[in-house]
Amino acid sequence: MGHPMRDVVRSAGLWHIWVRLGLQDVRLKFRRSAIGAAWIFVNLAVMVLSIGFIYANLLGQQPREFIPYLTIGMILWTYLTNSIVDGGNAFIHAEGYIKQISLPIYVYIFRAFVSISVTMLITMGAFAIVAVVYRLPITPSTLLAVPGLVMVMVSTLLLITIFAHLNTRFRDVAHMASVGMQVLFYVTPVIFPAALLRHRRDLTLVVELNPMYHLLEVVRQPLLNGVAASWHSYAAVAAIILVLAAGAAVVIAAFQRRIVFAL
Amino acid sequence: MPQILLEHVDLEFHVGAERHDTLKSALRHGIGRRRVEPRTVKALQSISLSIRSGERVGLIGHNGAGKSSLLKVMAGIYPPQRGVVRTAGHICPLFEFVTGFEMEATGWENIRTRALLLGMSPAEIDEKIDDIAAFSNLGEFLDIPVRHYSTGMFVRLAFATSTAVDPQILLLDEVMAAGDAAFIESARRRMNELMERANIVVFASHSLDVLPTFCDRTLLLDHGRIVADGPTSDVIEQYSAHLGQPA
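Which chain is which? The protein sequence lines are S and H, in order. Note that the first sequence covers residues 2 to 264 in my numbering. Note that the second sequence covers residues 39 to 285 in my numbering.
These are computed hints drawn from the structure, not numbers from a lab. It is possible that some hints are incorrect.
Straight-line C-alpha distance at most 30 angstroms; calculated DSS-like pairs for lysine-lysine [said to hold, decoys possible]: (1) S:K100 - S:K30; (2) S:K100 - H:K166; (3) H:K166 - S:K30; (4) S:K30 - H:K80.
Just so we're clear, the structure is a prediction, and the values are computed from it rather than from any experiment.
With the rest of the complex left out, here is chain S (with noise of 0.2 angstroms):
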């Protein structure tokens, strides 16, 4: 028994099993297919290509600079979605290992946080050739992209957590969510640039007020232009993290030990 959180710190310390599990996910997913792993990379491809040159041509953007943009807004918006639907399925995934092995359940949770967050770092190897082919500008700021990938890692394991409790409870949270994040994403800069929302006073709060905007500014800024998001992002970024911190605190007190009994 104890504190609910013990059985978070135990599961962490358990990572030789969680990052087998995870990498192995990830592997599975593709070993029977003949391009495997390229996958991730080819339906990413498509996506960018398909959607860049109509969006650039629809909205008047230069290729040169919307198809990076797009590229990494894709990539770390389909991380995100990934953390809420396919996390949201950790603990029900998991039913056989949780109901026959003793291990505590968070172990669960940071393997799909590994085979989710691997899946996109495969996804980065993508961005990192249109980087080179489009020239993007590298400055030492460009380094701030990885505080900000962990920041949104970090966040992205908290709505794991958040997600996985929910869902085995209430199984309609992980289809409520999907269809939350659609919405999300026709309101937030990911396949338009956000100056175009700027340039209209009566839209900008709903640019500023949108958490997901902000946990993609503080990749999306210092990859694409080299330079720093702005501290409205660094500082709403700081408040989703406390936020869903708090949330996951919540749920795991409230839930962790009616999760065997829901599954």
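Fit chain H to the supplied structure of chain S, relying on the hints for placement.
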């Protein structure tokens, strides 16, 4: 010193309430409040027991008497609603042999994954993997995905891996071995060795002839309660007498 201590443990399953809860019904009835009539199954009722270092304990009882539930509470898989569970020592539940096996992964990969899940360290696995491979008798088949194995080959691999652990506390549930006669014989020997290595063994079984050879002490469960706890021969006698009676 490995030990297991349970005090007034109650384990319940809320059938309708937990399994089929939707967000809709929770919102309608208020989050956190129970629905009107959740069906509660009392799997264990006020179980108190203490198992000390060195003991070999058998568990008997009808299907649904609570044998598996009790083992899973000891393993820390089910947190009981009431009561105290205190254990010391590395616990290894062996209720089945295959969790963690991935059909698309090779025999070698599956050995490593399964062994990690059972609590072996990577260094320990390196040390034992040759022995596991040797017992599985699969040779170069270990290099190919488990998907291509016959059932018999699969069982051999799963069994060889699971029985390589060195647990302080071993929890067993109706262990069976499939395969040809020679395998069954060697499997029985390997299982015995495993049980000898463990400091505490708790063993749920239906085979009343096997129990006395392993366990000095046996618990008889009925409807989630311990109805007898004593020397194996006495408890089996009581159980057999009970079985003889018309229900």
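Here is what the structure says about each hint:
no., hint, in the structure
1, S:K100 - S:K30, "holds, 24 angstroms"
2, S:K100 - H:K166, "holds, 26 angstroms"
3, H:K166 - S:K30, "holds, 29 angstroms"
4, S:K30 - H:K80, "violated, 40 angstroms"
The structure does not agree with numbered hint 4 stated previously, though it agrees with all others.
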